[in-house]
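Make a model of the complete structure from these sequences and hints.
Number of protein chains: 2
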Amino acid sequence: MFMLHQRLQEDTVDVVRLGLSRVLLMNDSSFPWLILVPEREGTSEIYELNVADRAVLIEEIAIASEIIRQLYSPDKINAGALGNLVPQLHIHVIGRFRTDRAWPGPVWGTGPAQPYAEEELDIVSGRLKKAFEQRVASDGGQ
Amino acid sequence: MFMLHQRLQEDTVDVVRLGLSRVLLMNDSSFPWLILVPEREGTSEIYELNVADRAVLIEEIAIASEIIRQLYSPDKINAGALGNLVPQLHIHVIGRFRTDRAWPGPVWGTGPAQPYAEEELDIVSGRLKKAFEQRVASDGGQ
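Line by line, the protein sequences are chains A and B. For the first sequence, position 15 matches number 15 in the numbering used here, and the numbering has no gaps at all. For the second sequence, position 140 matches number 282 in the numbering used here, and the numbering has no gaps at all.
Hints are supplied without guarantee of correctness; some may be wrong.
[Unchecked claim] Per the computed footprint, the stretches of chain A lying under chain B, defined by three or more beta-carbons under 8 Å from a beta-carbon of chain B, are:
(1) 37–47
(2) 53–61
(3) 103–111
(4) 125–134
[To be verified] Listing some non-contacts, in silico: residues in chain A with all C-beta distances to chain B over 12 Å:
(5) 2
(6) 5
(7) 6
(8) 9
(9) 14
(10) 17
(11) 27
(12) 67
(13) 91
(14) 116
(15) 121
(16) 122
Hints listed in this document are in silico derivations from the structure and should not be mistaken for laboratory results. A quick note: this is a predicted structure, and the numbers were derived from the prediction, not measured. C-beta atoms are modelled at their ideal positions from N, C-alpha and C, and glycine is treated no differently.
Below, the structure is given as structure tokens:
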């Protein structure tokens, strides 16, 4: 039985479920910031997934990256699995801009989150959900 | 024709070549820190690789992570593709310790590198090379 880590639950809203991962939107409007959480209980490291799950995971990272590119046109995508504070395996996929507050450094720990306004959170997560659903449909239900 | 980015060349030493990636050791003894560079000229983002290369890449990330675990027994592995400064696609795989200088934050930009002594660099990169070669041999030459 998979349970999302409490810290992830507090900091994010649900976007969509893919074949392996739950996709979350970080509630920080400073960056277009998704988090992929493979729904495999008790996993902390990429090497703990099996080969098939790993192949799916990197496809899901690629899809999340492309959706951020399509919707936000960032200068760069940052993808990272850190987990120093939250041991449940989760992969950050973040659109970065030369003008963002942390550029060219990493985003983690660079300041307090700027939460979305409630309506904005619904709009942004809904737009992302739609983009994932369209992508999954065009990939033939994968 | 694949050319390693100059900055990567300056900051690292060669460890080994895998099926897709060149494995480099960051010349910073503060952390056990490998960098995987897929030998695909002109690639900046994971989604620019094809599906087959991506599946190989995540296996190579898993192998690099397991080798760091075996040799260093870190508390956590951090894996990340940032590229805000060096656009050539490269993936950091770093062993993290609760006692390291950047914990629990990310390592990037946290201080000047502590270069290995010359002999130590040879010993460390040699030990890593051997571990990769043993792993690749046990995987049947993959």
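Note to self: Just want to verify: residue 91 of chain A was marked as not at the interface with chain B; is every Cβ pair farther apart than 12 Å?
What the structure shows: 9 Å, violated
Notebook entry, point to check: Counting residues of the segment 53–61 of chain A whose CB is closer than 8 Å to a CB in chain B, do you get three or more?
Noted result: The restraint on the segment 53–61 of chain A holds, since 6 of its residues have a Cβ under 8 Å from chain B and three suffice.
Check: Far enough from chain B: is every CB of that chain over 12 Å from the CB of residue 14 of chain A?
Finding: 23 Å, holds
Next item on the list: Please settle this one: residue 67 of chain A was flagged as non-interface, so is its CB more than 12 Å from every CB on chain B?
Entry: 10 Å, violated
Check: Minimum Cβ separation between residue 121 of chain A and chain B greater than 12 Å?
Finding: 26 Å, holds
Checklist line | Beyond 12 Å from every chain B Cβ - status for residue 2 of chain A | finding: Non-interface label stands for residue 2 of chain A: nearest chain B Cβ at 21 Å, farther than 12 Å.
Note to self: Under 8 Å between beta-carbons, do enough residues of the segment 37–47 of chain A, three at least, approach chain B for the coverage claim to hold?
What the structure shows: holds (count 4)
Checklist line | Closest CB of chain B to the CB of residue 27 of chain A still more than 12 Å away | finding: 20 Å, holds
Item checked: Annotated coverage of the segment 103–111 of chain A by chain B, confirmed only when three residues or more have a Cβ within 8 Å -> holds (count 6)
Notebook entry, point to check: Checking the smallest CB distance to chain B, is residue 6 of chain A really beyond 12 Å?
Noted result: 17 Å, holds
Next item on the list: State whether the coverage of the segment 125–134 of chain A by chain B holds or is violated, taking the criterion as 3 or more residues with Cβ-Cβ distances under 8 Å.
Entry: violated (count 0)
Check: Is residue 5 of chain A truly not at the interface, in the sense that its beta carbon sits beyond 12 Å from all beta carbons of chain B?
Finding: 14 Å, holds
Hints 4, 12 and 13 from the earlier list are contradicted by this structure; the remaining hints agree with it.
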